[in-house]
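Line by line, the protein sequences give chains D and B. What the first sequence shows, in my numbering, is residues 1 to 264, in sequence order. What the second sequence shows, in my numbering, is residues 1 to 255, in sequence order.
Calculated from the structure, these hints are not laboratory results. Do not rely on the hints blindly, as some may be mistaken.
[Unchecked claim] Mimicking DSS-like on lysine-lysine, the simulated pairs with C-alpha atoms at most 30 Å apart in a straight line are: (1) B/120 - D/48; (2) B/119 - D/133; (3) B/212 - D/162; (4) D/3 - B/212; (5) D/216 - B/212; (6) B/220 - D/261; (7) B/139 - B/182; (8) D/149 - B/51; (9) D/133 - B/125; (10) D/149 - D/216; (11) B/220 - D/216; (12) D/3 - B/243; (13) B/120 - D/3; (14) D/9 - D/216; (15) B/51 - B/110; (16) D/133 - D/110; (17) B/51 - B/182; (18) D/261 - B/212; (19) B/6 - B/51; (20) D/162 - B/110; (21) D/133 - B/6; (22) B/5 - B/220; (23) D/162 - B/119; (24) B/51 - B/16; (25) B/125 - D/162; (26) D/249 - D/261; (27) B/120 - D/149; (28) D/261 - B/139; (29) D/9 - D/261; (30) D/249 - D/216.
[Said to hold, decoys possible] These stretches of chain B come out as covered by chain D in the derived footprint (C-beta under 8 Å, 3 or more residues): (31) 54–68; (32) 82–94; (33) 208–217.
Ideal Cβ placement from N, Cα and C applies to all residues, glycine included.
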Amino acid sequence: MQKISTGVKGLDEMLRGGLIPNRPYVVTGPPGSGKTTLGIHFLMEGVKNNENVILVSLDEPPNEIKSNAQAFGFDVDFIRILDAVPDVKGYRRGGLIKDVGTVLDWHTMKDVRDIRMSRSLRAMDVSIHSVQKMLRQEADDLFEADSEKYSRVVIDSLTALKMFSMKGEDERILLQSFIRFLAEMEATSIIITQVPGPENLDTEVFLSRGEIRLHKLINHGILFRGLSIEKLRGSDFDEHLRPMRIASKGLEVLSSETFEKLKL
Amino acid sequence: MKSQKKIETGIGGLDKMLQGGLIPERPYIISGPPGSGKTTLCMQFLLEGLKKGERVLFVALEEPVNEIKFNMDSLGLNVSSVEILDANSDVRRYEPTPVMEISPKTRVQKIRDVSDYIKKTPRFKSTVVTVHSLQTALKHEFRNNRYERLVIDSLTALKYFCMSREEDIFLQSFIRFLSESKITSLLTVETPENYGLESEMFLARGEIRLHKLRENWEIKRMISIEKYRGSEHDEKVYPVEIKNGEGVVVLIDGK
Numbered sequence: 001m002q003k004i005s006t007g008v009k010g011l012d013e014m015l016r017g018g019l020i021p022n023r024p025y026v027v028t029g030p031p032g033s034g035k036t037t038l039g040i041h042f043l044m045e046g047v048k049n050n051e052n053v054i055l056v057s058l059d060e061p062p063n064e065i066k067s068n069a070q071a072f073g074f075d076v077d078f079i080r081i082l083d084a085v086p087d088v089k090g091y092r093r094g095g096l097i098k099d100v101g102t103v104l105d106w107h108t109m110k111d112v113r114d115i116r117m118s119r120s121l122r123a124m125d126v127s128i129h130s131v132q133k134m135l136r137q138e139a140d141d142l143f144e145a146d147s148e149k150y151s152r153v154v155i156d157s158l159t160a161l162k163m164f165s166m167k168g169e170d171e172r173i174l175l176q177s178f179i180r181f182l183a184e185m186e187a188t189s190i191i192i193t194q195v196p197g198p199e200n201l202d203t204e205v206f207l208s209r210g211e212i213r214l215h216k217l218i219n220h221g222i223l224f225r226g227l228s229i230e231k232l233r234g235s236d237f238d239e240h241l242r243p244m245r246i247a248s249k250g251l252e253v254l255s256s257e258t259f260e261k262l263k264l
Numbered sequence: 001m002k003s004q005k006k007i008e009t010g011i012g013g014l015d016k017m018l019q020g021g022l023i024p025e026r027p028y029i030i031s032g033p034p035g036s037g038k039t040t041l042c043m044q045f046l047l048e049g050l051k052k053g054e055r056v057l058f059v060a061l062e063e064p065v066n067e068i069k070f071n072m073d074s075l076g077l078n079v080s081s082v083e084i085l086d087a088n089s090d091v092r093r094y095e096p097t098p099v100m101e102i103s104p105k106t107r108v109q110k111i112r113d114v115s116d117y118i119k120k121t122p123r124f125k126s127t128v129v130t131v132h133s134l135q136t137a138l139k140h141e142f143r144n145n146r147y148e149r150l151v152i153d154s155l156t157a158l159k160y161f162c163m164s165r166e167e168d169i170f171l172q173s174f175i176r177f178l179s180e181s182k183i184t185s186l187l188t189v190e191t192p193e194n195y196g197l198e199s200e201m202f203l204a205r206g207e208i209r210l211h212k213l214r215e216n217w218e219i220k221r222m223i224s225i226e227k228y229r230g231s232e233h234d235e236k237v238y239p240v241e242i243k244n245g246e247g248v249v250v251l252i253d254g255k
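Okay, chain D solo, but in the shape it has when bound (with noise of 0.2 Å):
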């Protein structure tokens, strides 16, 4: 099978060629670290040979991930995107507050321009199952019109999701569905969630095919960068912590670098 790439400089060759395509997996790492950014540049290597590629966006207003993106020299318009950042907490005359989610709206990032106003009328719930719902909608609606599928998607953040809409239990089996979802789209998925606990197991992590790992280090004051893979089924991989960069054109992994060389 024909691996793809991640379009991330370096760590294509971490991973012995790119992604082993059609699977989900999970990126990983602290506020700050570069999970959206390696998340565009993996969407964009995909617009570059003309694959339709959706970003599902819960963290992050659609338009502030477009300025950012555009920062870094990204001519993202032509990603779908899925704008599920939920709205403003609403609040019921009376003092009850009203859990307001957020409309689901789908766009071409080419249509995103301010920030989208809370609209409580509309409002519904974000959770697991919405935006399943709205992908596999989305999927149908594309292969309908031009027969084609989506190859890849970004779900950016996880962690949003879980904290929204989910507890106790059943979290975990809305995961394992939703991930088995994503793999049954034939799409190569990137999930971006935060770092595992040392003490925790989470389902998005060990249900994935593979994890590569974001790292903020800090050394007398000095902040480096580095990108790990922490597991990846199915493939031989660069078992090193590298040292990796935010460079003008976006991430950077210095792949034959090592952090003995930096004498950290």
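Chain D is already provided as a structure; the job is to place chain B on it using the hints.
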């Protein structure tokens, strides 16, 4: 201690650590974090059985079977004659639709006959696997066929996705069912990077643990035997490599 007849795991170094292998007809836990080599080790255990002319069965609860086939192939392990039971649940439906549990009709097949593509959830019917339905399916299989070796990959998936939290008792009875079936079984348990004890580990007769940690910026893999009822065993931790064409290799004295 009276020495008992043991069966080989298929991993030379591990058999040495186990002083000859595993006491047959008992359940054992293979634990370790994601990517530590649990599934590969289990496949080697099944391949060893095939070599001796035994019937062996792999129960897939975590990964689509087409991917398992691909992964083992790319690791250079020929598992085409291993029998596999696809016990992955379908994508759940949220609309009220008839839900069908996995039934004894779910067929065991040889890995060579597994499709290269993922099996898609049918439009109007969704199959959900529960501990109970899996046990029924296995009971049915065991009635018609004598399997010597079994792998459940993973027990964690069975616990997380195939039962509700109050049903811990079913897990116990499932493990008991495996012992009563007189089958030597390996059950994989997914562990976080640091972890405590899970109740099912007390129920098995032994636990082999795979370790994965980062040392000098690089992944190091190791293996240890945490528990082995009824037998002496090596208590040291040994380095492990995952090699193409071989799978999990335990390095004892640098070999």
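Now the hints, each set against the structure:
1. The hinted pair formed by residue 120 of chain B and residue 48 of chain D meets the criterion: a straight-line CA distance of about 29 Å does not exceed 30 Å.
2. With a C-alpha separation of about 19 Å, the suggested pairing of residue 119 of chain B with residue 133 of chain D holds against the 30 Å cut-off.
3. For the proposed pair residue 212 of chain B and residue 162 of chain D, the alpha carbon gap of about 27 Å is at most 30 Å, so the pair holds.
4. Between the alpha carbons of residue 3 of chain D and residue 212 of chain B the distance comes to roughly 26 Å, so the proposed pair stays at or under 30 Å and holds.
5. Proposed proximity of residue 216 of chain D and residue 212 of chain B is supported: the alpha carbons are some 21 Å apart, at most 30 Å.
6. For a cut-off of 30 Å, the pair hint linking residue 220 of chain B to residue 261 of chain D stands: about 20 Å separates their Cα positions.
7. Taken as a hint, the residue 139 of chain B and residue 182 of chain B pair is honoured in the structure, with Cα atoms around 12 Å apart against an allowance of 30 Å.
8. Our distance criterion of 30 Å between C-alpha atoms is broken by residue 149 of chain D and residue 51 of chain B, whose separation comes to about 43 Å.
9. Annotation: proposed proximity of residue 133 of chain D to residue 125 of chain B holds, straight-line Cα distance about 16 Å (limit 30 Å).
10. A distance of roughly 36 Å separates the Cα atoms of residue 149 of chain D and residue 216 of chain D; the hinted pair therefore is violated under the 30 Å criterion.
11. Distance check on the hinted pair: residue 220 of chain B and residue 216 of chain D sit about 21 Å apart at the alpha-carbon level, within 30 Å; holds.
12. A C-alpha spacing of about 21 Å is found between residue 3 of chain D and residue 243 of chain B, which places the hinted pair at or below 30 Å, so the restraint holds.
13. In summary, the hint linking residue 120 of chain B to residue 3 of chain D is supported, as the alpha carbons are separated by about 22 Å, within the 30 Å threshold.
14. Under the criterion of a C-alpha separation no larger than 30 Å, the hint pairing residue 9 of chain D with residue 216 of chain D is consistent with the structure, at around 18 Å.
15. Distance hint between residue 51 of chain B and residue 110 of chain B is fulfilled; the C-alpha atoms sit about 15 Å from each other, no more than 30 Å.
16. The straight-line distance between the Cα atoms of residue 133 of chain D and residue 110 of chain D is roughly 24 Å, inside the 30 Å bound, and the hint therefore holds.
17. Distance restraint check for residue 51 of chain B and residue 182 of chain B: the Cα-Cα separation of roughly 20 Å lies within the 30 Å cut-off, and the hinted pair is therefore satisfied.
18. At roughly 24 Å between alpha-carbon atoms, residue 261 of chain D and residue 212 of chain B fall within 30 Å of each other, so this suggested pair holds.
19. Under the criterion of a C-alpha separation no larger than 30 Å, the hint pairing residue 6 of chain B with residue 51 of chain B is consistent with the structure, at around 16 Å.
20. Taken as a hint, the residue 162 of chain D and residue 110 of chain B pair is broken in the structure, with Cα atoms around 38 Å apart against an allowance of 30 Å.
21. Distance check on the hinted pair: residue 133 of chain D and residue 6 of chain B sit about 52 Å apart at the alpha-carbon level, beyond 30 Å; violated.
22. Of the supplied pair hints, the one linking residue 5 of chain B and residue 220 of chain B is violated, its CA atoms being roughly 33 Å apart against a limit of 30 Å.
23. For the hint pairing residue 162 of chain D with residue 119 of chain B, the CA-to-CA distance comes to about 27 Å; that is within 30 Å, so the pair holds.
24. Of the pairs offered as hints, the one joining residue 51 of chain B and residue 16 of chain B holds, with about 19 Å between alpha carbons and a cut-off of 30 Å not exceeded.
25. For the proposed pair residue 125 of chain B and residue 162 of chain D, the alpha carbon gap of about 27 Å is at most 30 Å, so the pair holds.
26. Of the supplied pair hints, the one linking residue 249 of chain D and residue 261 of chain D holds, its CA atoms being roughly 25 Å apart against a limit of 30 Å.
27. For the proposed pair residue 120 of chain B and residue 149 of chain D, the alpha carbon gap of about 15 Å is at most 30 Å, so the pair holds.
28. Only pairs whose Cα atoms come within 30 Å are accepted, and residue 261 of chain D paired with residue 139 of chain B is rejected, the gap being roughly 58 Å.
29. In summary, the hint linking residue 9 of chain D to residue 261 of chain D is supported, as the alpha carbons are separated by about 20 Å, within the 30 Å threshold.
30. Simply put, residue 249 of chain D and residue 216 of chain D have alpha-carbon atoms about 19 Å apart, close enough for the 30 Å limit, and the pair holds.
31. For the stretch 54–68 of chain B, the stated coverage by chain D is satisfied: 4 residues place a CB nearer than 8 Å to a CB of that chain, which reaches the threshold of 3.
32. Judged by the Cβ-Cβ criterion of 8 Å, the stretch 82–94 of chain B is covered by chain D as claimed, because 6 of its residues qualify and three suffice.
33. Using a Cβ-Cβ cut-off of 8 Å, 3 residues of the stretch 208–217 of chain B lie near chain D, which meets the minimum of three, so the contact claim holds.
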